[in-house]
Amino acid sequence: MPRLFPSTLPLSLVLACTLAACTPSAPLPLQDQALDLGLSLGTTASQPFVGRWTVTDVPAWLQVTPTSGQGDVTVQLRADRGLGTPLAADQAVLTGQFKIVWTAGPQDATGGTDAPAGTATWTVRADQYALTGRVREAASAQGQDLRVGTGLSKGTSEPTPARGLIVKYRKAGSVSGLQARGAVTGSTVAQRARSTLQGAALSVTSSRPLSDDTAALQVENVAAALQALRADPAVEYAVPNAILRAQSLPRPSGPGQPPLAQPLEPTDQYAGLQWPFRLLGYPAVWRDMEGGAYTRPVTVAVVDSGVRYDHPDLEGRLWKPGEGALDLLSDPKNGDGDGVDNDPTDPGDRTRQSGSHGTHVTGIIAARWGQNTATCAGCSATGVVGAVRRANVKVLPLRVIDAAGDASVADVALAVRYAAGLPITLTDPQTQKATTRTNPQRAAVINLSLGAEVSADTARPMCEAIGDASNAGSLIIVAAGNGYGTKPYYPAACPAAVAVGSVTLSGGSAPKHAVYSNAYPAVQLSAPGGTDPLQDPATFNGGVFNGQPFPDLVLSTGWDYAKDQPNYEAEAGTSQAAPQVSALAALLLSKGVTTDAASTLARLNATATDLGAAGRDPLFGFGMINAAAALGAPAISDTLGLRLQDSRGRVFQPPLDALGRFNAFLGDGTFRVIGGRDRDGNGIYGETGEPRAEKAATLGPATPQVDVGDLVP
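Residue numbers (mature numbering (1 follows the signal peptide of the UniProt record, and there is no 0)): -26 to -1, 1 to 687.
The hints are simulated quantities; they were obtained by calculation from the structure and are not laboratory data. A portion of the hints provided could be inaccurate.
As the list claims (entries may be wrong) - Think about it this way: if two alpha-carbon atoms lie no more than 27 Å apart in a straight line, the pair counts; the simulated DSSO-like pairs of lysine-lysine are:
# : residue 1 : residue 2
1 : K307      : K294
2 : K461      : K294
3 : K307      : K537
Work the whole structure out from these sequences, hints included.
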C-alpha cells in the first residue's frame, strides 16, 4: 500500500514543495576533457549535457564526428597521425585540442540571450609508432700497401709451360745397377742426370738438389731430356718442372671506379632558381652533352597559346612562321584580330593581365643558354635555361588557346593531327574556302599543357586525334590537370596519351605529390610542377630572390604585356610538369638512346623514380622522370642516405646519427624504407641505376614498433 501523507500539512512545508516543483535547477555547462588514444587508431568520447553543441578547431590529424548535435555529447575520434607527423619524424607523441561551443538548456529551448553558453576544450593525446634501423656503408678501407688481384689464372686446357724438369732416382738396392754403384745423394743425383743427358747430346744449363734422391735441372729441350731420363731404369720418375698459377678473382683494369664527373651548372642570371632541373639530375645530363652525342634532330610541338617569338631567350630555338608554325584559331576574336594563319604569336595589348602560357611552357624545354640579345631596360641579358641545352631539339609552336585562356576540342584535335604530320583541312570562316595543310616539321613529341574535366564522350574527337598521332609515330605528353581531386581530365585520360602529374619539393630526400595535381589511374608519369603558393606555400629549394626566399615554383620565360617586353615568370601546375617530360623524351631521341615513341615511353617508365606506394599508382604513375638515369649520364656525386615514404606519398626525413642509425616516430600505414646512394646530385637516394637497399614496414596498433635492421646499398 502506498504511503499517505497526513491530510493537513504545515503551510511552510507546502510552500517549499511548490517552489521546488516550479523552479528547475540551472543546466550544467559542458566541461573540458582530456582524452588519451594511446596506440589506438580512435576512440569514443562522451559527456552528459543538456543543450546544443558544435565542434570547431579540429587539428588536421584528427577527425571528429559528428560535428554538432543536441543533448549528450558523444563523438567518434579518429587519428590520422601521418598528417601531424613533422618532416623529421621526431615527435613521439601528438597532442592537439578541439573546441566544443555549447548553449545549455532543454532541446526545445529557443536559446535566447539569457541561455548559458560557453566553450569547452577537449585535449587529445596520441602515441606515435616507432620505426628504427640503420643505413651503413659496405665495409671499406684505404691505404697504400694493399693491391687488388689482377685476374683469373689461365685454365688448364692451355698447354702448361715448364721451367726444366725434376728427376728422382730409385733408392739403393732397388736396382742391381745402382746397388753396384752405391747409394745416391742429392748432389750425385744431379751429376748422374747431367751425365745421362750429356750422353744423349742434351745440354744442361743448371741443376740443384731437392732431396737426397731428387734434383731439378734446367734444360733447353725439356721433352727430349724427359725421354732420355725415363729410359734409364734407375730413374723412378722424370717430370716437367711445370708452372703453377695463383687462383684469384680479377680486378678492374683501372685503380677503381671511374672518377666522378663535374656537374655542369649554367651561369645564366636566374638559372640557380630553376630547381626542377637539379631534382631531375640535369647537371649530370648537361655534362654528358659535352661529349657531343645529342645530334639527331627532334621537333617538339607545343600545342598551347602560341609563343612570343620576340623573347630573346628563345631566339634560334623555334620553328618560325613559314617553317611549319601555325595559328589554328579560326575565330577572329581570338585575340590577334584574324583567323587561321602561319603566325602563332601569343597576342595581347597593355591591358592583358596574364602572361604568355605557351612562352612559359616553351622555355622549360628550350630556353637558350648564355648571353641573349635583350635590349630593354631592366631585362636580363642571360635569363633562364631550358632542359635541352645544345641538343638538336627545336620547338614547333601551334596556337590553340586564345587570349582569354580558352581552347576548343576541335582546335586541339586539328593541332594534334597537324603536329604529327597528318594532313588537315582548314576552312576560312569568312570565305568558307577549304585548304589542306601538312606539317613540314613532323613532331616526334607533342606537348599539351591543357585540359578540362569533360566526359569521355565529349573528349572523343581529341582522343581519336591523339590515337591517330600515336599511330603516326608521335609521343603525346599531356598535363594531368589541376583539379585538386581524382577526376580524370581530358585529353590526358585519352588511351594513347601520356598523362603527367605534378610533384614538388618536400624538404626531404624525395619529392611529394602536389596538392592540386589530379590523381587517377591514367596518370603515367610525374615531373616537377611546383607547389600551390596559397594552399601549400613552401621554399624548400633554398633559392633567394631580391633578399626573400624563392617559392617552390617553376621559373621560365614569360611576357609582360603591360610593358610589352620579355620577362621571366614563376608558375605552378601540371602545365609545367608536362614539358619536363616532353624535353626528356626529345633528348632520348636526340642522343639515340631510343628510336621511336614506344621505346621512348618504355625508357621513361623504366627509369622513373618510384614514389609513394611501390609500383604504378594514381598519384605518381610509374614515378617521377629521372633524366640522368634515362640518358645514362655520368655520376657526379656519391653520398649515402635514407629515403622514407608512406604508401600515400608522404615524405619523412628522420636524421641519421654518426653510425647511420635512425629512429622515426610515425603514424599507421605501410612505409618504404630505402637506404641508397645519390649519384646524380639531386638528393634522392637509391634511384634507378643507383645502389639501394629497400625494406617495407607496416606500423599500427598491432605492430607499434618495427626495426628494419641494416640497409647496406
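Quick rundown of the hints versus the structure:
A distance of roughly 23 Å separates the Cα atoms of K307 and K294; the hinted pair therefore holds under the 27 Å criterion. Using a Cα cut-off of 27 Å, the hinted pair K461 and K294 is violated, with the two alpha carbons roughly 37 Å apart. Between K307 and K537 the alpha-carbon distance is near 23 Å, which keeps this suggested pair within the 27 Å criterion.
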